[in-house]
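*Asks:* The chain contents come next:
Number of protein chains: 2
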Amino acid sequence: MSDAPTTGRLVLVPNALDLGTEPSPLTDVLSHAAIARAARLNHWVVENAKTARALLKRVDALVPLAQPLQSLQITELPRPRKGEAGSQIPASAWRELLAPALAGQDLGLLSDAGLPAVADPGAALVQAAHEAGVTVEPLAGASSLTLALAASGLNGQRFAFEGYLPQSASERAQRVRELEQRSRREGQTQLVIETAYRNQALLEALVHLLQPDTRLSVACGLTSPGGFCLTRRIADWRRHPLPTMPDRLPAVFLWLAS
Amino acid sequence: MSDAPTTGRLVLVPNALDLGTEPSPLTDVLSHAAIARAARLNHWVVENAKTARALLKRVDALVPLAQPLQSLQITELPRPRKGEAGSQIPASAWRELLAPALAGQDLGLLSDAGLPAVADPGAALVQAAHEAGVTVEPLAGASSLTLALAASGLNGQRFAFEGYLPQSASERAQRVRELEQRSRREGQTQLVIETAYRNQALLEALVHLLQPDTRLSVACGLTSPGGFCLTRRIADWRRHPLPTMPDRLPAVFLWLAS
Numbered sequence: 512m513s514d515a516p517t518t519g520r521l522v523l524v525p526n527a528l529d530l531g532t533e534p535s536p537l538t539d540v541l542s543h544a545a546i547a548r549a550a551r552l553n554h555w556v557v558e559n560a561k562t563a564r565a566l567l568k569r570v571d572a573l574v575p576l577a578q579p580l581q582s583l584q585i586t587e588l589p590r591p592r593k594g595e596a597g598s599q600i601p602a603s604a605w606r607e608l609l610a611p612a613l614a615g616q617d618l619g620l621l622s623d624a625g626l627p628a629v630a631d632p633g634a635a636l637v638q639a640a641h642e643a644g645v646t647v648e649p650l651a652g653a654s655s656l657t658l659a660l661a662a663s664g665l666n667g668q669r670f671a672f673e674g675y676l677p678q679s680a681s682e683r684a685q686r687v688r689e690l691e692q693r694s695r696r697e698g699q700t701q702l703v704i705e706t707a708y709r710n711q712a713l714l715e716a717l718v719h720l721l722q723p724d725t726r727l728s729v730a731c732g733l734t735s736p737g738g739f740c741l742t743r744r745i746a747d748w749r750r751h752p753l754p755t756m757p758d759r760l761p762a763v764f765l766w767l768a769s
Numbered sequence: 512m513s514d515a516p517t518t519g520r521l522v523l524v525p526n527a528l529d530l531g532t533e534p535s536p537l538t539d540v541l542s543h544a545a546i547a548r549a550a551r552l553n554h555w556v557v558e559n560a561k562t563a564r565a566l567l568k569r570v571d572a573l574v575p576l577a578q579p580l581q582s583l584q585i586t587e588l589p590r591p592r593k594g595e596a597g598s599q600i601p602a603s604a605w606r607e608l609l610a611p612a613l614a615g616q617d618l619g620l621l622s623d624a625g626l627p628a629v630a631d632p633g634a635a636l637v638q639a640a641h642e643a644g645v646t647v648e649p650l651a652g653a654s655s656l657t658l659a660l661a662a663s664g665l666n667g668q669r670f671a672f673e674g675y676l677p678q679s680a681s682e683r684a685q686r687v688r689e690l691e692q693r694s695r696r697e698g699q700t701q702l703v704i705e706t707a708y709r710n711q712a713l714l715e716a717l718v719h720l721l722q723p724d725t726r727l728s729v730a731c732g733l734t735s736p737g738g739f740c741l742t743r744r745i746a747d748w749r750r751h752p753l754p755t756m757p758d759r760l761p762a763v764f765l766w767l768a769s
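The listed protein sequences correspond, in order, to chains A and B. Taking my numbering, the leading residue of the first sequence gets 512, the next gets one more, and so forth. Taking my numbering, the leading residue of the second sequence gets 512, the next gets one more, and so forth.
One or more of the hints may lead you astray.
Identical copies look the same in the list; a pair holds intra-copy or inter-copy alike.
As the list claims (entries may be wrong) - Below, computed lysine to any residue pairings styled on SDA-like, alpha-carbon distance capped at 25 Å:
1. Lys561 x Gln668
2. Lys568 x Arg696
3. Lys561 x His719
4. Lys568 x Arg520
It is worth saying that the hints were derived from the structure and are not from the lab. Just so we're clear, the structure is a prediction, and the values are computed from it rather than from any experiment.
Go ahead and model the full structure; you've got the sequences and the hints to work with.
*Replies:* And the structure:
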């Protein structure tokens with residue numbers, strides 16, 4: 512009774528990794544604790560409301576939601592307009608999104624796949640939470656990046672995630688060569704992703720651009736049926752017909768120069 | 512009956528993240544699928560046999576092991592002698608470790624915490640599996656690196672894991688400054704780890720070495736009771752007494768220059 516009102520937490524809720532494919536059982540990817548914690552959260556900030564509701568329906572089938580789905584407060588993360596960086600969104604917008612936590616309610620953060628704020632939006636909200644004194648509680652969950660890295664057999668003691676490569680062919684070629692040199696010099700595995708419908712074009716470009724001795728790995732749909740991870744030296748990639756990459760499934764491309 | 516004998520898989524089994532602390536319920540971190548899959552594996556290659564048996568006992572309490580713990584085949588990964596790189600271990604040694612998979616049995620790979628082969632040994636065995644045509648099956652699981660990154664609020668769209676910094680003070684200072692410059696230039700969050708008993712010394716060194724505007728985050732024991740993630744600008748770290756870092760718990764140190 513005499514307790515002062517306490518601040519809620521910002522709970523980082525992992526999503527499954529089956530975006531773009533048939534949903535696998537949620538228990539293939541999420542811990543029971545994460546599923547049960549998600550079922551108790553009534554306030555959400557999410558990358559995409561439709562994807563979030565789809566996840567919450569799958570949660571509800573395993574652990575009934577504390578409140579009906581319709582009555583949950585689900586707000587989408589603001590999207591920077593094209594060509595604007597995320598930092599263009601005023602700090603006050605992030606603070607407003609934290610309102611439930613500042614009023615004492617736990618607030619879930621969820622992206623479309625894997626961990627929020629890792630190769631996904633949400634970091635600015637986490638930053639705002641730190642600045643506002645809101646405790647950040649990350650629930651254990653998988654990221655497609657570290658899963659691909661483990662499966663690749665490439666160096667997991669030193670690696671870098673670059674995000675997306677430039678779209679212009681000449682800028683892309685230059686960046687790939689820079690990253691290949693850094694990989695050789697520092698023994699650092701390089702990871703990039705691409706919009707799914709450009710997966711095939713990126714694979715072709717990398718097989719063309721990288722040095723024969725460099726090992727290139729492609730991971731796609733890991734944890735889903737039909738998921739795969741292939742690792743070969745570029746010389747071997749060139750000797751075989753390239754596999755047809757799924758054009759709706761996110762993939763991770765990794766290389767390590769020797 | 513007419514099926515040809517098939518090759519077993521190399522199954523990458525995630526471990527919990529509570530090394531060095533009181534064990535949390537396994538269901539806090541691992542999916543039911545990972546726990547059930549681990550219970551069915553009779554052949555293991557592991558970072559440390561004692562740690563592996565401890566995990567398998569926790570698995571057994573949730574999903575009974577297919578064979579008694581005593582009858583499982585558990586082999587430790589070869590350790591390079593001091594000063595030798597992992598590549599000094601002959602390729603034939605990795606091939607021998609794959610023998611159960613080549614004979615048709617699934618083979619588990621397990622490290623002391625989190626994902627095998629990510630900031631942990633095992634990549635050479637995964638590489639050998641790719642070369643021998645053994646399918647690699649990564650089970651979804653958490654890595655302390657991506658969990659720390661999500662919790663930090665630093666840039667998760669571009670980041671690099673450097674492993675351990677040099678131990679010599681002057682080499683360390685030089686490397687920290689190089690990585691800070693790269694962070695500023697590329698917007699790349701830098702992640703490093705340290706042997707637990709040197710956590711405090713590394714925190715002090717980073718607060719001393721980095722620029723006042725750089726944001727430094729320290730994550731320790733995430734997913735365990737008492738775990739924390741603190742993110743502050745260096746100027747703010749300098750204004751407050753530094754927290755006492757646990758000297759037996761692994762920590763992740765992250766920074767992003769602005």
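*Asks:* All hints, please: hold or fail.
*Replies:* Against the structure, the hints:
In the homo-oligomer, the alpha carbons of Lys561 and Gln668 lie at most 25 Å apart only across protomers (23 Å), although the nearest pairing inside one protomer, at 37 Å, exceeds that limit. For a Cα distance limit of 25 Å, the shortest separation of Lys568 from Arg696 qualifies neither inside one copy, at 48 Å, nor across copies, at 42 Å. With identical chains, the CA atoms of Lys561 and His719 are never at most 25 Å apart, being 39 Å at best within one copy and 46 Å at best between copies. For the identical chains of this complex, Lys568 and Arg520 are intra-copy neighbours only, at 23 Å inside a copy versus 33 Å across copies, given an alpha-carbon limit of 25 Å.
In summary, the numbered hints that this structure violates are 2, 3.
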